[in-house]
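There are 4 protein chains.
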Amino acid sequence: MSSLYAGNIRISIFGQSHSRAIGVVIDGLPAGHSLDLDALQAFMARRSPAQNPLGTPRKETDAFEILSGVVNGRLCGAPLALEIRNRDAHSADYAPLEHRPRPGHADYTARLRYGGYEDKSGGGHFSGRLTAPLCAAGGIILQLLREQGVEIAGQALEIGGIRGRAFDPMAPEIHQIPAGPLPALEKGEAMAEAIQAARSQGDSLGGVIECAAVGFPAGIGDPMFDGLENRIARCVFAVPAVKGLEFGAGFDVARLRGSENNDPFCWENGRVSARSNHAGGILGGISTGLPILFRAAIKPTPSIALPQNTVDLQTGENVEIRIGGRHDPCIVPRAVPCLEAAAAIALYDAYLERNREA
Amino acid sequence: MSSLYAGNIRISIFGQSHSRAIGVVIDGLPAGHSLDLDALQAFMARRSPAQNPLGTPRKETDAFEILSGVVNGRLCGAPLALEIRNRDAHSADYAPLEHRPRPGHADYTARLRYGGYEDKSGGGHFSGRLTAPLCAAGGIILQLLREQGVEIAGQALEIGGIRGRAFDPMAPEIHQIPAGPLPALEKGEAMAEAIQAARSQGDSLGGVIECAAVGFPAGIGDPMFDGLENRIARCVFAVPAVKGLEFGAGFDVARLRGSENNDPFCWENGRVSARSNHAGGILGGISTGLPILFRAAIKPTPSIALPQNTVDLQTGENVEIRIGGRHDPCIVPRAVPCLEAAAAIALYDAYLERNREA
Amino acid sequence: MSSLYAGNIRISIFGQSHSRAIGVVIDGLPAGHSLDLDALQAFMARRSPAQNPLGTPRKETDAFEILSGVVNGRLCGAPLALEIRNRDAHSADYAPLEHRPRPGHADYTARLRYGGYEDKSGGGHFSGRLTAPLCAAGGIILQLLREQGVEIAGQALEIGGIRGRAFDPMAPEIHQIPAGPLPALEKGEAMAEAIQAARSQGDSLGGVIECAAVGFPAGIGDPMFDGLENRIARCVFAVPAVKGLEFGAGFDVARLRGSENNDPFCWENGRVSARSNHAGGILGGISTGLPILFRAAIKPTPSIALPQNTVDLQTGENVEIRIGGRHDPCIVPRAVPCLEAAAAIALYDAYLERNREA
Amino acid sequence: MSSLYAGNIRISIFGQSHSRAIGVVIDGLPAGHSLDLDALQAFMARRSPAQNPLGTPRKETDAFEILSGVVNGRLCGAPLALEIRNRDAHSADYAPLEHRPRPGHADYTARLRYGGYEDKSGGGHFSGRLTAPLCAAGGIILQLLREQGVEIAGQALEIGGIRGRAFDPMAPEIHQIPAGPLPALEKGEAMAEAIQAARSQGDSLGGVIECAAVGFPAGIGDPMFDGLENRIARCVFAVPAVKGLEFGAGFDVARLRGSENNDPFCWENGRVSARSNHAGGILGGISTGLPILFRAAIKPTPSIALPQNTVDLQTGENVEIRIGGRHDPCIVPRAVPCLEAAAAIALYDAYLERNREA
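Residue numbers (numbering that gives the first Met the number 0), protein chains in the order written: chain A, 0 to 357; chain B, 0 to 357; chain C, 0 to 357; chain D, 0 to 357.
Hints listed in this document are in silico derivations from the structure and should not be mistaken for laboratory results.
Among the hints, erroneous ones may be present.
In this list, chains with the same sequence are indistinguishable; a pair is considered to hold if it fits within one copy or across any two.
[Unchecked claim] Only pairs whose alpha carbons sit at most 25 Å apart, straight line, appear in this in silico SDA-like list of lysine to any residue:
1) K186 to D251
2) K186 to L255
3) K186 to G201
4) K186 to H174
5) K186 to A170
6) K186 to E259
7) K186 to E150
8) K186 to E172
9) K186 to R198
All chains should be modelled from the sequences, with the hints used to inform the complete structure.
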């Protein structure tokens, strides 16, 4: 397994859906910064199902305990370890499916990968629950970035075919995203209704999340394998259900000409800026100083109440299954803070890289 | 800089557009495999501008020399170093633009990153020319994968708004891609005409490349940060001009319901297969055994002959520039082998990870 | 901080002497192996002060809890997280020394490194207590190695100038090491008396530990930066107090001639062996198949009861301090399992490297 | 293979004794620094056999070519690639020994590791010749360190049982080391005579090298796996023939009491210093500000003219061989710059780590 991000910041995530605990060790945090635990709890609550009427009825509160790395409220330079105990786990829900892999889930591939020894309960290490420690790590790093004037915020841009309003690429309206269960600049109510409708039909919806980082300094990032796009991609695809990622104009570049897509540089208030931001704030893997913008495609939750076809790996038969348990009809709302966390990790890692050579 | 991929296979790329040489060191190749140098040269020729009527008139032949790592035609286990001497470099072409960053290029961001000491000639280390050593590394690894029964092939799916036919996700027609300058299952001629038209207008075109890996064993890949999607993303975004990446149904998942998007498992000839492949052959970061499919958005070449607005960093003025030199009006055709190479590196790296734990 | 070993096996250690917990995350363990928790507890008990009459009176039992990575007693492929709660911590003991760095400890250097924000209580992350999670990781890996027929054992070769009998380099007597508080082939009692004498004098003793790995297959290891010596060194110097490391004949090679030091190969029972083992089982960074042998120099415990000179960082004065608290007069006995653990991690990592390329 | 050091600085070494070229790629060098190529050539000449009357008659001049990473004499931020063409290679010398592994060399272990496909000529990738690119990398980094006021110098402390004078640990006499073929503070002539005597007897000698780094700032280094000792060890053991390594008092700590070994801190000229330096300038893996001191044991050159016993891997017989070719009777003098290079890489890597978090 490689649930480790070993860059300038090192993040080692552990746990299974129903193990004693899940958590994360972060190695490489700078000593001295104050940690705002309330803000961290609030950030993690946005991911937590407990407070989201659109989400699963599972009542995990994601209460965390910091085991090390903090003294008197400040980072002490030693690795920060944080754990979340698993308390509301219903392993029995999964027993009937032990040999009948759920379509769209990692049950089958994990079985091949780990020879049947993988933790099958609740999706094991592949559970969306493992995004809680990812959010914890990202939430801590967001605090470090905010001290540098960097803000990262995401919104639900599209759910179930209902598309809201995209950020202004030159000035993303990150402070206008409504609080509440469905963070969308526009059409949040319609999206919420579509989710409820899908739930009542025993089905699920996919969507698109848009994420913006504002205030990230120009000149950070690296060529080739460690460009900002590469780093962000490595972290964003760590969130299960992401199947696509685009920066700036993204796939639309396929229909643009060079004369349209190039962002002309210009002087603005004595600083270099550009007249457009098709590049999503990144050229050659390095930040331009304009907002960094990306969108991620989120697949519909694979766990649905409708009957599905699959195989029985013991009997060799094609079978129909129904998935019990408690599931989100759409994970887009809860995935928004996950992508913010992923972006924070990636950008901070690039930030440290630049630091190092200074 | 981080022009190093340091995974199970280690690939260190060096060089600038006009440095003495460009090249790559590959550390971690298994001893004993025969290297087919003709096949490698042929693979690299697909990227080379020399043989492509749609490309830049720059006549680099990308003739390479293997410096180490091969004895009597076989990998010897020591790091393989390969270099390509730069011979046809016209540095003078770039002098007038030294302080006037070209829109869409990394000139400005590299200047911030490297304090003005970066090699400005021909884009320096950020030049598309650096995809030659990437192709060399990928081309060697493709030979190793082929021995395992894995084939990787890409096609131009869309250029300048002209969209060809996508691969059949269950059985990508990788052997039907026409040889020649524009590898597209369909509408290759129309695409080629659009490129020529853009060239005559002094402009450039973007597009979409689709890539398929067939025969890759099921059960390879890892969760979280090292899923196949993460690994492929890390390598694909190393190819300059890629601004988006999607797997399987990709961004279309946003409009699919769970009941539509989930690929139902089924028994087929005594093996587990699935009735569809929206997952692009990857679940939970691990291969399903179905074809692995991804598409990448390629931006239009930023170097265009049309006048463009930019800034003069010395005088503080907004200025208009015209870019001389020799450039591709569309890099999609030449980028196809680059993405095949990127995919090969990523998949092979995951393959070695699996090996290790066996 | 870099309390992370990120090789083929990834080990992330966290905690401070008096933090809520200390522990380790191990990422990359193969699924399916049974874990013998009693054997692990017994291994860790050898390091624990609780059971050692020669050690500190601190009564940590090092009771661990496995948080993840194990299902039904078997490794499940997900990262294994293990924590040890800190219960018997007397932080107050350290308050008087907050600005008066203890000689021989990391107090002063950690303060420079972490700007005064480091956890000062009990040595923080630099405490010898952090070898408990190292032992946990090594103890688990030792079980994996044992399944492959590899045994690793260490002994106290020298304490306070009393030197016992070194292992036979061709056939280390690892099964003759006496159990009990002082594992030494010879003169263990005299060593124990010397320790007690030093304790009564308020002083401490250093020593030499010798470690042997038997049954490690030939042909494992790598050249240059990842030879077995390099790997073992990287792990052994992770144990605080190690100030020297030598393999095979070690520093004695300085006085040997090539004709003496070279180990002549010979056929033995149809296999290649050698007539001597000055190489300590390693040539070119790769195992020869003979026992792997190394010795590490362990400095005397820096915490002593005798008065010592140091500085007051606040007042700028030279001062005399007396260190209270509970300390080992000699850590050699307890460091033996730590070095076994370090060797296990290093050798297993090399083993996986070889596997990967197979 | 892992001839890659992938830390904050990334160093990828390639080549075999008789391959087209040997060389190194350094990724992560800061842009802007001037490179003094004459100084680099002079540094590498100290390792080169060409100029050393005590060395092998092989006349490699180690003339290098910088392929990339430097523009107008300054580092440009792109990876620096440097190659040395192999011209004076006599592969035929090695043919008779193809199946008869030389004692003390890596012939046998490499064969196991690489399945017989390894380059056998001249020791292949395991040749001491590969220390040339290591010296190149270290020589470049030494220039960067010198700009920060850091100087690193080594001396032959002992050869063939003749021991010179060790550095003063508080103030190493690095400027008193005589230039010339045998850099030793004392008894250099006697050492040189012993080498000549060994040569005339067809034998070889080992020794001890002592190395000091002066001016390295206090507060740099990391705990656990990335302490200065660990980093230095990882690089020093990359030099073939090193079989032992000790810091400060080293193995003598085994005979010291805590009250003797602890270095009492004291104020000196308004700064914190210490009254002794048994720690070798390192506490808790972090620099104290005092000189960093280590000694490495160098085994006698395994290639000797005297007949030796070994096996024939084809016939299964015990045989006697005589090694032809041209070899050093003692590599200590030429290894001195190699260890300086290794130390430079390790210290610089730690320096960058500290930088990053600032």
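State whether the alpha carbon distance between K186 and A170 is at most 25 Å within one copy, between copies, both, or neither. Cα proximity of K186 and A170: one copy only (20 Å, versus 39 Å across).
How would you label the pair K186, E150 (within, between, both, or neither) given a Cα cut-off of 25 Å? within (24 Å within a copy, 44 Å between copies)
Taking 25 Å as the upper bound on the Cα-Cα distance, should K186 and R198 be classified as within, between, both, or neither? Result: close within a single copy only, 19 Å intra versus 42 Å inter.
I want to check one pair: K186 and E172. Are their C-alpha atoms no more than 25 Å apart within a copy, between two copies, both, or neither? Answer is within; shortest intra-copy Cα gap is 15 Å, inter-copy 41 Å.
Checking an output row: K186 and L255, CA cutoff 25 Å. Within, between, both or neither? So K186 and L255 pass the 25 Å test across copies only (19 Å; inside, 28 Å).
Under a CA distance limit of 25 Å, which applies to K186 and E259: within one copy, between copies, both, or neither? between (29 Å within a copy, 24 Å between copies)
Quick one: K186 to G201, C-alpha cut-off 25 Å, is that within a copy, between copies, both, or neither? within (23 Å within a copy, 41 Å between copies)
Can you give me the call for K186 and D251, within, between, both or neither, at a CA distance of at most 25 Å? So K186 and D251 pass the 25 Å test inside a copy (23 Å) and across (20 Å) alike.
Alpha-carbon proximity context of K186 and H174, limit 25 Å: Result: close within a single copy only, 16 Å intra versus 45 Å inter.
In the structure shown, no violation is registered for any of the earlier numbered hints.
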